[in-house]
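Visitor: Each chain, written out:
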Amino acid sequence: MTSAGPAVWISFVGYLIVTFGLAWAARRKASAGPFFEEFFVGGRQLGPWVLGLTWIATSASGGSFIGTPSLAHANGWSVMLWISGYIVVATVGFGLLGKRIADVGRRTGALTLPDLLRDRFASPAIGALSALAIVVLHVSYMVAQYIAGARVMEVLLGVPYEWGIVGFALTVGIYTSYGGFRAVAWTDAFQAIVMLFGVLIALGFALDKVGGFGPVWEGLAAQSADLLTPEGPEAFLPWQTALSFFVIWPFANAGQPALIARFLACRDRRSLKRAAFLIGLYILLLYPAVIMIGIIGRVLVPELEAADHAMPATILACTPPVLAGLVLAAPMAAIMSTLSSFLLVSSSAVVRDLYQRNRSAPLNENSARALTQLSTFAIAAIGLLFALDPPQFLQYIVVFSGTGLAATFLCPTLLAVYWPRMNKVGCLAGMLGGFCSFGLQYAAFGTQSFGGFDPFVWSLGVSGIGAAAGSLMSSKDPAALLEPYFGS
Amino acid sequence: MTPYRRERLEALVAVAIWVAAVLTTVGISIWLGSARPVESVGGVPSWVVFGIFAPWLAFFAVHVWYTLFFMADGDSDEK
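From first to last, the protein sequence lines are chains A and B. Its first residue numbered 1, the first sequence is counted upward by one per residue in the working numbering. Its first residue numbered 1, the second sequence is counted upward by one per residue in the working numbering.
One should not assume that every hint holds.
[To be verified] Not the full set, but computed from the structure, chain A residues with beta-carbon under 7 Å of chain B: (1) Ile87; (2) Arg267; (3) Arg269.
[Claimed, not checked] The following label-pair restraints were derived from C-beta to C-beta distances: (4) A:Trp9 <-> B:Phe69: 55 to 61 Å; (5) A:Arg27 <-> B:Ser34: 23 to 29 Å; (6) B:Val64 <-> A:Ala306: 38 to 44 Å; (7) B:Ser34 <-> A:Ile465: 30 to 36 Å; (8) B:Arg5 <-> A:Phe197: 25 to 31 Å.
If you're looking for bench data, these hints aren't it; they were derived computationally from the structure. Virtual Cβ for every residue (Gly too), placed ideally from N, Cα, C.
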């Protein structure tokens, strides 16, 4: 595959300038409130546009822009069924947890998910355990994003892989530690706009180049009739897997700590409702287009040098060089926005949940700022070291961190905010049940567990049963502890 | 209705919408997609048009109702 040359460089540098400019503006706009509330939830001042765009930019990672079109290139229209759970991602995410978490966060002052769980159950152990799980799993997910970003830069800009990783770590580390949550949210919003416009422009040019859906049908049918079926080639998507992904997309998104942090940052209920509406519209425009680019790519560029080249190869094949640079900024934006959000959540877990909340003396503002910035850079550097020499088991951790985090946290979090009878024994049982069940099934069966379903589906059940049984077999929490969450 | 009870109702309705979406989307896609040869609607497989695109638009309309009209707003301290 050939690079788009100077146009890509100009677009990329322009993109970086805007990103840093937004981080600078966000820092200047910072509220005068407590440092941690400003740095980790932007002073709870996010309005509907920024909230909606930062939520979707965090949710859509390098996988959405590199992996998904490649799957569509390999498996044709079946990937549209694979992704179809996104139809209700916004409804489930905001209806099931978003509004409730936002309300509870405002009443109790929780800044992070471990914060919320720790206070709800009056248990420092639950706070520390969940913070530790978040750091380990998010850092491994960050490594995968570094690698994806460096690969894109290597292919498109000719930047050596190692320098690409260093560049990603420095860029994201600087603007995240400089501006905190507000900077991440603002840059996410810009990146989400780049992603959507990039994809829609690319789809328009791809359809024009191929001559419409008629020639796409003929091109796919000539290669393999299976590319037109719901199962795809070599039974890529049996009905059990299709059903599993309809569970995974909405519920794994709802249970992601980085997305829960967005709910804690919203200004009020009205902003949250409007953000939910915007995300539904954004998803409707984005995901079918991403998949259609991969499918059209199968006709325009049937042979790829590497499986992950479907999106950039299709864009380079059909988009004028001047626009290619702009369009190719979309996957970079997706990777950067996810990286910065995960970096901030990991940093908040270390500084807020593992250090500050377990310290007897209060932390003054200057120390808090220095410690947070140091921690953010340190986590970015740890990710960089792993990305330069990825451990063999990295891919397993990445898969686990995608859905395993949600399998661990979703049921305990749901029951914590909706069921007064839930207590810390139930919370621990639910977290350990989800974590161990997912890990064991994944190790034993891979992605197809009992009955052909994904381990995530069974793990949610195990986690829910564990949480309920643990709570019912131990004593109730005192009314005073429950009052802020459920009223009198 | 207290905010807690209201939010619990909204959560249950969100789960009901998810159930309806699963049954509609996966059900129609597999039912129409099992026919051979697969039929084309304007160059797109019929199971994609009626099993994915049409439900996606329908559930987006439901999403608009849910987020803009059904979800309650107001102060978080209301009783």
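Visitor: Run every hint past the structure and note whether it holds.
Guide: Cross-check of the supplied hints:
1. Ile87: holds, 5 Å
2. Arg267: violated, 11 Å
3. Arg269: holds, 4 Å
4. A:Trp9 <-> B:Phe69: 55 to 61 Å: violated, 48 Å
5. A:Arg27 <-> B:Ser34: 23 to 29 Å: The hinted range 23 to 29 Å is violated for arginine 27 (chain A) and serine 34 (chain B), with Cβ atoms some 56 Å apart.
6. B:Val64 <-> A:Ala306: 38 to 44 Å: holds, 41 Å
7. B:Ser34 <-> A:Ile465: 30 to 36 Å: Holds, since serine 34 (chain B) and isoleucine 465 (chain A) (Cβ atoms, about 34 Å apart) stay within the stated range.
8. B:Arg5 <-> A:Phe197: 25 to 31 Å: violated, 42 Å
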